[in-house]
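Input sequences plus hints: build the corresponding full structure.
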Amino acid sequence: MNLAKFMLILLLTIALAYPAAAADGEGKGKANDFRDKIFETHKERAMKWVESCYRWAERLEEKVRASNIGDEAKNRIQARIENMKGEIGEMRSKIENAKNYSELRDAMREIRTLWIELSKQMRLIAYEHFVIQMEKIIEKLEELADRFESHGLDVSSFRDAIDEASDALEGVKAKLGDGTVKYSDIANLRQKVMNAFEESKKLAREYRPKLSDGIVMANVSGSFKLNGTVMALIKGNGTVNVEPTGAKIKESKGKENVIEALVVRGKVNVTGEGDFKIIAHGNGTLTMNGNGSYTYKQCMNQKFVNGTFSDGFTINFGFGC
Amino acid sequence: MKQLAIFLILSILFLGCSAPPSEKTTPPKITPTTPTPTATPIPTPPSIESELGIEDIQKELEELEKLLSELQELENITFEI
Chain A
97 MNLAKFMLIL LLTIALAYPA AAADGEGKGK ANDFRDKIFE THKERAMKWV ESCYRWAERL
157 EEKVRASNIG DEAKNRIQAR IENMKGEIGE MRSKIENAKN YSELRDAMRE IRTLWIELSK
217 QMRLIAYEHF VIQMEKIIEK LEELADRFES HGLDVSSFRD AIDEASDALE GVKAKLGDGT
277 VKYSDIANLR QKVMNAFEES KKLAREYRPK LSDGIVMANV SGSFKLNGTV MALIKGNGTV
337 NVEPTGAKIK ESKGKENVIE ALVVRGKVNV TGEGDFKIIA HGNGTLTMNG NGSYTYKQCM
397 NQKFVNGTFS DGFTINFGFG C
Chain B
14 MKQLAIFLIL SILFLGCSAP PSEKTTPPKI TPTTPTPTAT PIPTPPSIES ELGIEDIQKE
74 LEELEKLLSE LQELENITFE I
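First to last, the protein sequences are chains A and B. Per my numbering, the very first residue in the first sequence carries number 97; after that it's consecutive. Per my numbering, the very first residue in the second sequence carries number 14; after that it's consecutive.
Don't read these hints as lab results, they were simulated from the structure. Nothing here was measured: the structure is a model prediction, and the numbers come from that model. Treat the hints with care, since some could be wrong.
With a Cα cut of at most 30 Å, we get these calculated DSSO-like pairs of lysine-lysine [what the hints assert, rightly or not]: (1) B:79 - A:232; (2) A:363 - B:79; (3) B:72 - A:321; (4) A:373 - B:79; (5) A:363 - B:72; (6) B:79 - A:297; (7) B:79 - A:133; (8) A:159 - A:297; (9) A:269 - B:72.
Label-pair restraints from in silico Cβ distances [to be verified]: (10) B:63 - A:132: 36 to 42 Å; (11) A:304 - B:69: 19 to 25 Å; (12) B:68 - A:154: 24 to 30 Å; (13) B:63 - A:363: 48 to 54 Å; (14) B:86 - A:181: 17 to 23 Å; (15) B:63 - A:170: 34 to 40 Å; (16) B:86 - A:363: 56 to 62 Å; (17) A:337 - B:63: 33 to 39 Å; (18) A:166 - B:68: 23 to 29 Å; (19) B:69 - A:209: 39 to 45 Å.
Glycine included, every Cβ here is placed at the ideal spot set by N, Cα and C.
Structure, rendered in structure tokens:
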């Protein structure tokens, strides 16, 4: 009787346990299928991400190669990008070699450790490139300010905005040097440069030289003579004489012989000795002795002509337009 | 009669072969054409903004912005799977 009871209990236990075990096995199989599916999805996503990282590095490299920064900076940045690409390649191999969900999970853990350092490098390289380009843009904006001022426009707001951008640039450069630069510093610099750029766009709408005018922009180390009916800006270090003196519409002097900005308008005869930047619109002649460089258009609707000189050079502008 | 028929056939064949094709006989029709004036493109001077380099600065700023925003997107990766 006891044996019969025992057998009955055993049979009942087997009957109850078998479907549960079967269901458990089926569940594990389903779980494995699910893991395989998400493994493929995650691997694909990780590969896309790593490819994006690589393409980003390549684009940055291309931009650095095409930029007109100095060779020393260019080589330094390019070497760092090469190193960065190598590390991205290493991350790509880890993802590619993962055969299943567990291996991919382990690979991603290793990549996370690599990425902490690599993303710092990427940021620093991008920021360095950004700062170099911003410096160049600020230089261009300063040239534009000179050009607008030489045409008699009020550039005070524009110059203030450029000064703010220059200050922000110096701050970022210092932080870049000691490795403490943050995205917020970069964003602040960008905003300051954008503000200055917006000012330049406003002035560009006011800057409408006459088609009958010519324009000359020159740097001279030596002496110069400018005469004619012009609107001009002279900056530099040296002595300048303007006749008639009433033609001066702005004169800003620095220490000793530094001329921060001298703007003249009308029929003038200006002579100077020293190192100068001269920008003039109108009809006139600029004679330079010494050495320097020049860019000019005889008429506004023509193309610029550039050149350098090491002895002397005379430019007639605006005549016959 | 037979000879006449042969003569006529040969004559028709001879005339048919020796006659120049009608296209050759008619000279090409030359219609006097009046020369139409072609407008020569006048080079347009670059806009002031372009000449001042404003457009180049704008482009450079946009490219830098794009490069930084893409880097931020890359940094948003999650490694937990």
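For each hint, the structure was consulted:
no., hint, in the structure
1, B:79 - A:232, "holds (18 Å)"
2, A:363 - B:79, "violated (49 Å)"
3, B:72 - A:321, "violated (38 Å)"
4, A:373 - B:79, "violated (36 Å)"
5, A:363 - B:72, "violated (39 Å)"
6, B:79 - A:297, "holds (21 Å)"
7, B:79 - A:133, "violated (34 Å)"
8, A:159 - A:297, "holds (25 Å)"
9, A:269 - B:72, "holds (23 Å)"
10, B:63 - A:132: 36 to 42 Å, "violated (57 Å)"
11, A:304 - B:69: 19 to 25 Å, "holds (20 Å)"
12, B:68 - A:154: 24 to 30 Å, "holds (26 Å)"
13, B:63 - A:363: 48 to 54 Å, "violated (32 Å)"
14, B:86 - A:181: 17 to 23 Å, "holds (19 Å)"
15, B:63 - A:170: 34 to 40 Å, "violated (27 Å)"
16, B:86 - A:363: 56 to 62 Å, "holds (60 Å)"
17, A:337 - B:63: 33 to 39 Å, "holds (37 Å)"
18, A:166 - B:68: 23 to 29 Å, "holds (25 Å)"
19, B:69 - A:209: 39 to 45 Å, "holds (42 Å)"
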